[in-house]
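Residues per chain, in single letters:
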Amino acid sequence: MLARMLDSDIWHSFRSSRTTVVAAAVTIVMVLAAVLAPWITPQNPWDPGALQLIDAFNPPVWSKDGSWQFVLGTDDQGRDMFSAILYGLRVSLTVGFLAVLFAMALGIAVGLIAGYVGGVTETIIMRLADVQLTFPTILIALMIDGVTRAMLPADLHNRIAVFVLVFAIGISNWVQYARTVRASTLVEKRKEYVQAARVIGLHPALIMLKHVLPNVMGPVLVIATVGLAVAILTEATLSFLGVGVPPTAPSLGTLIRIGNNFLFSGEWWIVIFPGITLAVLVLAVNLLGDWLRDALNPKLR
Amino acid sequence: MIAYIIERVIQSLLVLVVVALVSFAVFQFVGDPVQQMIGQDTTPEDVARMRRNLGLDEPFLVQFARFMGNVLQGDFGVSLRTVRPVNELIAERLPATLELSGMAALFALVFAIPLGVFTGLKPQHWLSRAFLALSLVGISLPTFLIGILLILVFGVILGWLPTFGRGDVTRIGFWTTGLMSVSGWKSIILPAVTLGLFQLTLIMRLVRSEMLEVLRTDYIKFARARGLTNRAVHFGHALKNTLIPVITITGLQLGGIIAFAIITETVFQWPGMGLLFLQAVQFADIPVMSTYLLLIALFFVGINLIVDLLYYLVDPRLRADRNALERGV
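Those protein sequences? They're chains A and B, same order as listed.
So the first sequence is residues 1 to 301, counted in the working numbering.
So the second sequence is residues 1001 to 1329, counted in the working numbering.
Treat the hints with caution; some may be incorrect.
As the list claims (entries may be wrong) - Per label pair, the in silico range of CB-to-CB distance:
| id | chain 1 | residue 1 | chain 2 | residue 2 | range |
| --- | --- | --- | --- | --- | --- |
| 1 | A | Tyr-193 | B | Val-1110 | 50 to 56 angstroms |
| 2 | B | Val-1017 | A | Gln-77 | 34 to 40 angstroms |
| 3 | A | Leu-101 | B | Asp-1041 | 46 to 52 angstroms |
| 4 | B | Ile-1189 | A | Leu-221 | 53 to 59 angstroms |
| 5 | A | Asn-261 | B | Val-1017 | 38 to 44 angstroms |
| 6 | A | Gly-119 | B | Arg-1008 | 19 to 25 angstroms |
| 7 | B | Arg-1008 | A | Gly-218 | 45 to 51 angstroms |
| 8 | A | Ala-105 | B | Val-1017 | 26 to 32 angstroms |
| 9 | B | Lys-1221 | A | Phe-262 | 56 to 62 angstroms |
| 10 | B | Asp-1218 | A | Gly-218 | 33 to 39 angstroms |
| 11 | A | Pro-214 | B | Tyr-1219 | 41 to 47 angstroms |
| 12 | A | Thr-121 | B | Leu-1061 | 45 to 51 angstroms |
| 13 | B | Leu-1309 | A | Ala-105 | 46 to 52 angstroms |
| 14 | B | Tyr-1219 | A | Thr-121 | 26 to 32 angstroms |
Claimed, not checked - List time: in silico DMTMM-like cross-link candidates among lysine to aspartate or glutamate, alpha-carbon distance up to 25 angstroms:
| id | chain 1 | residue 1 | chain 2 | residue 2 |
| --- | --- | --- | --- | --- |
| 15 | A | Lys-189 | A | Glu-122 |
| 16 | B | Lys-1186 | A | Asp-290 |
| 17 | B | Lys-1240 | B | Asp-1218 |
| 18 | B | Lys-1186 | B | Glu-1045 |
| 19 | B | Lys-1186 | B | Glu-1213 |
| 20 | B | Lys-1122 | A | Glu-122 |
Treat the hints as calculated values from the structure; they're not laboratory data.
Just so it is clear, CB atoms sit at the ideal spot from N, CA and C, and this is done for glycine as well.
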């Protein structure tokens, strides 16, 4: 199994692109750091009891007043920035992954149905998709988040903020998956194996899930990779605007929002380090997506 | 041709009505604005009276019909937060957003086209590679982070440019402009660059790939064979043919600029419509939110329609294809 994988086209195209290898390494390190955050951070930044106000506004280790205790400095409450960033990375990646999964599931389901069933169902779904495509995703996510915020009591909203975000970002991104899956389904539907499955009387749902779906997954994976970068950025933007995750469990976007308040008083490290982390993460995922698109594109082989 | 235009216009109108209905329906369930306006000593009678005055006690469809009727007459209701007519609020904020978006688009075009031409003509030059790498970084940086970095460098460290507000504003009729004063020009630089940077990278990459494509075509080879100067070939023939997709994408991106203005306006405390919308979302100010959404929808649908029609006018092949299709060939 492993030997076969190491000999495949994809693996060779991966090995031959140095940028891609670096991007993959960066992504893996960041995901690992986020997963292992509770064990590798010196401090639990979400535990108010662990914070000492006397440690507030420590600059990073290489400045004059820095210390090795807080490598990347501390914020106004004496929170270690390194720990806060790793925990923030956790939230950002969780929201990103869940949002992509949600958008993917919704888009695939809707796309399969539209492509396979056709007729009025298809027209309605694709018109809806067209209307939604007229608006930028950030605006739709902002609206959904704002609406739920106003509908739910503030207390409840804070507790389920992560799920609201996943929902908002997922809803604003399903169209691409639906369009791609529909287009591929239209092609697959005419092929003989689908005709055969139909002739032996399989249930349409079974044909869609077991036979058509595996054959339309390639392009979906490419969209999902780029979509992860988009989802992480959308989450960060919403959190920065103050409508994302609450400051009690800050994501990278929330950290940047908090740090922005100290921009003018000279504590630049509170905003810059979460910003760099976010930018590097998104860049790495984007590069992976670019490579995957080329590697899976039969025209370029 | 006329049938095509009518079809597209009807489709666009349908989209607008759907957006209006959806936005109005959704915001019906959003919070209770009266709850946010009353104090501790407001009597139930006062609450009922406020409800009646704001028209919140009537059935949904009646409220929607009245809303649409008023909208068509240019009356967008009264903001629940500031108790001022919404069209007054919008009229106050619209110039700031349009000025910012216009400058951002201008900035993007002015830099993107020459950079795109250069990277297209000399793909192997080290400067081209540097520009391309930079543009990838630019795409990965979120708008708000670019704004923060610019503030840090040019506002805090260097202290060259103001970091919030519009500067001194001059009033001309109903329009307010910051472009008549030095402080206004200084104030618009950072927000416009922040807002335009993404479009700049996008258009630059587009011009580059279009140039690479066009330079391979036969008519360019023929132009060279005829001994035309490089300048004539590059700018008279190649660039001209790359401009159609560039115009289209730029037009479509205008909508994106307006949407991302929400973020830029927040970072720079720019007193535009985006900031107004964000405040409205936080306060559940339904009339302002629905008006903003309707205006945005009108804007987006309008742009899409114009781009579609331009395509039809600019590219004769589309017309030929369509005629062939209609004749059943």
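Comparing the hints with the structure gives:
| no. | hint | verdict |
| --- | --- | --- |
| 1 | A:Tyr-193 x B:Val-1110: 50 to 56 angstroms | holds, 55 angstroms |
| 2 | B:Val-1017 x A:Gln-77: 34 to 40 angstroms | violated, 50 angstroms |
| 3 | A:Leu-101 x B:Asp-1041: 46 to 52 angstroms | holds, 50 angstroms |
| 4 | B:Ile-1189 x A:Leu-221: 53 to 59 angstroms | violated, 42 angstroms |
| 5 | A:Asn-261 x B:Val-1017: 38 to 44 angstroms | holds, 43 angstroms |
| 6 | A:Gly-119 x B:Arg-1008: 19 to 25 angstroms | holds, 24 angstroms |
| 7 | B:Arg-1008 x A:Gly-218: 45 to 51 angstroms | violated, 34 angstroms |
| 8 | A:Ala-105 x B:Val-1017: 26 to 32 angstroms | holds, 30 angstroms |
| 9 | B:Lys-1221 x A:Phe-262: 56 to 62 angstroms | holds, 59 angstroms |
| 10 | B:Asp-1218 x A:Gly-218: 33 to 39 angstroms | holds, 35 angstroms |
| 11 | A:Pro-214 x B:Tyr-1219: 41 to 47 angstroms | holds, 45 angstroms |
| 12 | A:Thr-121 x B:Leu-1061: 45 to 51 angstroms | violated, 27 angstroms |
| 13 | B:Leu-1309 x A:Ala-105: 46 to 52 angstroms | violated, 37 angstroms |
| 14 | B:Tyr-1219 x A:Thr-121: 26 to 32 angstroms | violated, 47 angstroms |
| 15 | A:Lys-189 x A:Glu-122 | holds, 14 angstroms |
| 16 | B:Lys-1186 x A:Asp-290 | violated, 38 angstroms |
| 17 | B:Lys-1240 x B:Asp-1218 | holds, 15 angstroms |
| 18 | B:Lys-1186 x B:Glu-1045 | violated, 52 angstroms |
| 19 | B:Lys-1186 x B:Glu-1213 | violated, 39 angstroms |
| 20 | B:Lys-1122 x A:Glu-122 | violated, 46 angstroms |
In summary, the numbered hints that this structure violates are 2, 4, 7, 12, 13, 14, 16, 18, 19, 20.
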